[in-house]
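For chain A, the structure is supplied; the task is to place chain B on it using the hints.
These protein sequence lines map, in sequence, to chains A and B.
Position 118, counted from 1, in the first sequence is what this note's numbering calls 118; the numbers after and before it change by one each time, with no gaps.
Position 11, counted from 1, in the second sequence is what this note's numbering calls 1011; the numbers after and before it change by one each time, with no gaps.
Since the hints were made in silico from the structure, they are not lab data.
Note that the Cβ used here is the ideal one computed from N, Cα and C, for glycine as well.
Incorrect hints may appear among the rest.
[As the list claims (entries may be wrong)] Examples of chain B residues lying across from chain A (beta carbon under 7 angstroms, computed):
hint : residue
1    : H1043
2    : E1050
3    : S1052
4    : G1094
5    : E1110
6    : I1162
7    : G1228
8    : D1229
9    : V1258
10   : G1279
11   : T1280
12   : R1283
13   : H1284
14   : L1287
15   : G1288
16   : K1314
[Unchecked claim] Pairwise CB distance ranges (calculated):
hint : chain 1 : residue 1 : chain 2 : residue 2 : range
17   : B       : R1024     : A       : E175      : 26 to 34 angstroms
18   : A       : A242      : B       : T1203     : 41 to 49 angstroms
19   : A       : E338      : B       : A1242     : 39 to 47 angstroms
20   : A       : E338      : B       : G1217     : 52 to 60 angstroms
21   : B       : V1083     : A       : D231      : 34 to 42 angstroms
22   : B       : A1397     : A       : A23       : 43 to 51 angstroms
23   : B       : A1359     : A       : N334      : 48 to 56 angstroms
24   : B       : G1217     : A       : I62       : 57 to 65 angstroms
25   : B       : G1217     : A       : A242      : 52 to 60 angstroms
Now for the letters of each chain:
Protein chains: 2
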Amino acid sequence: MSTAAPRERVHATYWLETGGDPARTAAIIAGEQSSGTFVALAHETAELKERSGARVERLEVIGETGTPSLPGAQPSDRYRQCVLELSWPVENFGPSLTNLMSTIAGNLFELYAVSGLKLTGLRLPPAFTSAFAGPAFGIAGTRQLAGVSQGPLIGTIIKPSIGLSAEETAQQVRELIAGDIDFIKDDELQSDGGRCPFEDRVTAVMRVVNDAAERRGRKAMVAFNITGDLDEMRRRHDFVLAHGGTCVMVCVNSIGLVGAREIGRHTQLPIHGHRAGWGTLYRHPALGWDYAPWQQVWRLAGVDHLHVNGLDNKFTESNASVIAAARAVLAPLNSAAEMIAMPVFSSGQTGRQAAPTYAALGCADLIHTAGGGIFGHPGGVPAGVEALRAAWRAAMAGTPLENEADHTPALRTALGFW
Amino acid sequence: MSTAAPRERVHATYWLETGGDPARTAAIIAGEQSSGTFVALAHETAELKERSGARVERLEVIGETGTPSLPGAQPSDRYRQCVLELSWPVENFGPSLTNLMSTIAGNLFELYAVSGLKLTGLRLPPAFTSAFAGPAFGIAGTRQLAGVSQGPLIGTIIKPSIGLSAEETAQQVRELIAGDIDFIKDDELQSDGGRCPFEDRVTAVMRVVNDAAERRGRKAMVAFNITGDLDEMRRRHDFVLAHGGTCVMVCVNSIGLVGAREIGRHTQLPIHGHRAGWGTLYRHPALGWDYAPWQQVWRLAGVDHLHVNGLDNKFTESNASVIAAARAVLAPLNSAAEMIAMPVFSSGQTGRQAAPTYAALGCADLIHTAGGGIFGHPGGVPAGVEALRAAWRAAMAGTPLENEADHTPALRTALGFW
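For reference, chain A alone in the conformation it holds in the complex (with noise of 0.2 angstroms):
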């Protein structure tokens, strides 16, 4: 492991319920994690514990319920939430991802004293960061590669999901570059299937990406989803860079830890995070991560563009959850590594949310993806690409989207649909 500043601390904050004492399962939870278990051990001295135990950095009691929020718990009358916030020394478990996640998220959730647990937030310290190069494109290689210079990559998702043949996709990636469109993106359930083998794929669609890029002097980004084995990966990811492509992606909770640092370090091209399977982490809210912890170990093995769901989505999360979501993807790990991502916005969006996107982001350095958004402009593609970023360029200037559609009749008839 490294051996810089060892003693420089991990902070992990969570949301706790118990039965118990609180004090007493804050103590278990750090002894648990660290260097204690359910019983009191002869090795365990005094000098070992503040060495190498966790320490409760803070318990607040911030309400309290007669139902417990998860079955199986010790029984009790009242069930006490609380803030906890724990710190390990980094010496620990060094500066591996891996080993970071067995500790902060590891046998917890399951602990008899606990009805109720999730990790809320997480605080590296520079001794932990720096042994990682973080993702090696971000917003600023992202838009070089796009050129997009300026407001939101407009994007959008090659449907149906799968079952389109690689020419058929290759046809729909060109009625989506006539449209003017700065962004696409494989679906997640496809990689390399029988009827749309991945080189098959990425030969026909590149040959139309690269033979409207020499027209437009510009290169519509594709996300081609490389998901697999190591091995795969590595070869679909030189495959895409071959064929001039600009952008890989990868559905994180599929491939691992390991995977996606292994991904991180090959890459030549900026890494497109999917979060499938992210509904299994979060939807309770008593249990698992809130996606500003989880998101920081993804960036920190590479990933470049990180999927956040979009205002007034069709799924369950909420705007409030979207924006938070967004923002820790836009906020530094800490004063010694930014290694900021670009947040992805989908589900459901049109351009009626691009003004309180940016408005609570205070910026556009995001990619926009919309189906129904775009596809079902009646003027088809280009004028649903022109309704959407016109909404954008409203949205940056302070612009009613009904002012701005007095002189976009693309936007001015979007508004009829979205």
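For chain B alone, coordinates are given in the frame of chain A:
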């Protein structure tokens, strides 16, 4: 992808709760996870749907509630609970664990129509499983390396979890082997920290293990936690192998599927799979995964041992859930691929769990680890190990513990504190 039998289908079963019409919700899930999206699309032809769409194989309403299990879903005055079985043609994703994951457990837990979704079953056809080698050692290989031809491997975990030096760890191992233990594992928190660097630990511990093996004629199996980046894991594996070690451990959720698959390909030793973080995936009854489908992907990746908690454990998991998990680990994946792994029982274990565990499984092909159940014995580690082994001998012979204790004084003493 493999061209063998692309039409064979993967079947996944879910416990679903929905405030909408169950048939409509089932169709949404099937569409979202294959060729559909929220709106009808021009390219989504009937032929494409027939070929590539997920199929609803079974939908049975089994209950109803007035309160949704998960927040945020479509409001309703009743939420119906169903068994839903979907199937997909293997050709959609090919024999790829990562893309299988995005398909069966991707963007579906957060759908608006869903107020509860748990993946309860998975049936993979030979067209999928034939691309994998599975555990390289499994039960027979583990028994051979550990020199334990029948009965469980009696094991324990190095404690304190973290904070001991390499030499202190080796001292504990010396004591355990003098007590005739079969199996010892690192804690999941202990990999390569500054206080106990991996190579120092392996060197010190294997000196003890190898010395003892010469005297005993069999070698205690030590599962060294190699969890880390891929190059680190490979290097640590090689280091363990070069020092005569017989097992490596990984935290499967921390390394992810690509990590497990690569170590599965690289390994010349049994892989001990720790499930730290599993609580986030299963703890809520209406969200995430059951163990039975989850453990299959790790066996395919090559994991030989899988943690299943233990009867009367100190966590929140029920005995029924523990036994279902162990049975799943011991069940063949399909008629063409057994790939059986060895279940690992732990947490608050003593000899009192031997008989019910044996009765529930019908075999003793398992690792039974105890901490306090061994260390707490007034006669020390040798007596603790002897008592646990005697309890298993009794369980397998159908002899009550009390009777066995009549001619095993260590067991008689143990019954006083177990």
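Hinted contact K1314(B) with chain A - closest CB pair below 7 angstroms: K1314(B) check passes; min Cβ-Cβ to chain A is 5 angstroms, inside 7 angstroms.
48 to 56 angstroms as the expected CB spacing between N334(A) and A1359(B), which holds or is violated: This hint holds: roughly 54 angstroms between Cβ atoms.
When the least beta-carbon distance from I1162(B) to chain A is tested against 7 angstroms, hint result: Hint on I1162(B): holds, closest Cβ of chain A at ~5 angstroms, below 7 angstroms.
Restraint outcome when G1094(B) is required to lie within 7 angstroms of chain A by C-beta distance: This interface hint holds because 6 angstroms falls under the 7 angstroms limit.
Closest C-beta approach of G1279(B) to chain A relative to 7 angstroms, hint status: holds (3 angstroms)
Hint status (Cβ of E1110(B) to nearest Cβ of chain A, threshold 7 angstroms): holds (4 angstroms)
Cβ separation of A242(A) and T1203(B), checked against the hinted range 41 to 49 angstroms: Given range 41 to 49 angstroms: holds, Cβ gap about 45 angstroms.
CB-CB spacing for D231(A) and V1083(B) relative to the 34 to 42 angstroms hint: holds (38 angstroms)
Outcome of range test on Cβ distance (E338(A), A1242(B); 39 to 47 angstroms): holds (41 angstroms)
Whether the CB-CB distance between A1397(B) and A23(A) falls inside 43 to 51 angstroms: Given about 47 angstroms between the Cβ atoms, the range holds.
Restraint satisfaction for G1228(B) [CB to CB of chain A, less than 7 angstroms]: With a closest approach of 5 angstroms, the G1228(B) hint holds.
Per-residue hint verdict: V1258(B), partner chain A, C-beta under 7 angstroms: The hint holds - V1258(B) has a Cβ within 7 angstroms of chain A, the shortest such distance being about 3 angstroms.
In the structure shown, a violation is registered for the earlier hint numbered 2 alone.
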